[in-house]
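The listed protein sequences correspond, in order, to chains A and B. Residue 26 in the numbering used here sits at position 26 of the first sequence, with consecutive numbering throughout. Basically the numbering used here = 1-based index in the second sequence + 1000.
Read the hints as simulated data drawn from the structure, not as lab findings. Among the hints, a few may not be true.
[Unchecked claim] What the simulated footprint calls covered on chain B by chain A, stretch by stretch (three residues with Cβ under 8 Å from a Cβ of chain A suffice, anywhere in the stretch; the number is not a length): (1) 1033–1040; (2) 1046–1057; (3) 1060–1066.
[Claimed, not checked] Residues from chain B that face chain A, not an exhaustive set, calculated with beta carbons under 7 Å: (4) H1043; (5) L1069; (6) S1070.
No residue lacks a Cβ here, since even glycine has one placed at the ideal position from N, Cα and C.
Chain by chain, the residues:
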Amino acid sequence: MSQPTDDNLEEKVVHFTDGLPGFPDLERFVVIELRENGAFQQLQSIDDPSISMIVCVPWLFFPDYAPILSDAEEHELELESASDAIVFVPVSFDAETRQASLNLLGPFVVNSRTRRGRQVVLTGSEYSVRAPIDLVSG
Amino acid sequence: MLVLTRRPGESIVVGQDIIITVIEIKGGQVRIGIDAPREVQVHREEVYEQVRQENIAAVASSQKAKEALSGTPAEEPKEPRQP
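Turn these sequences into a full structure, and let the hints guide you.
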């Protein structure tokens, strides 16, 4: 395993060309593992180093999760095959109750071929923006 | 803001290819139909707002979440230890 270089970093950059809801100007992010083989990653803005959030693959906690992308979203992402899609969701943490939760209503979908991503708002679904997770099982 | 008065069954055309139709008005609610090209995103404002607020919460709690989630081995007990 070679040392990470700028080239490697660039390879891992995901371009959210429309920004994120709440952060419309932040387009370039990298995904960093919190620990090796762990459940959680950090979605780190390159444009503003002070902005990051924890994310994870939703199916680790919600195996039945089935987000359905609209034609518009698939078109925007240029997704030709479902296997090209990488899906992860924002994690929030309430320090008082020590409760972590996943935002299942607004998953990030990244086209692994193009490295372009969008945060998809699942209008019409019943998914919660704060689905609690049990950290012990994670 | 442009303000128009419409009756049920009447429409508004936005640009070349977006048509918004008032379908029904009943009990303080309006049912609206939207015909738009598939690349145009249409959301209920409050659903988009929920996701926006949750992004802000996720960013605000990022450091605490990182501490709690990266340092906690799966086998560590959830309950605080008794002194």
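Consistency of the hints with the structure:
no.: 1; hint: 1033–1040; result: holds (count 3)
no.: 2; hint: 1046–1057; result: holds (count 10)
no.: 3; hint: 1060–1066; result: holds (count 5)
no.: 4; hint: H1043; result: 5 Å, holds
no.: 5; hint: L1069; result: 5 Å, holds
no.: 6; hint: S1070; result: 4 Å, holds
The earlier numbered hints are all upheld by this structure, with none contradicted.
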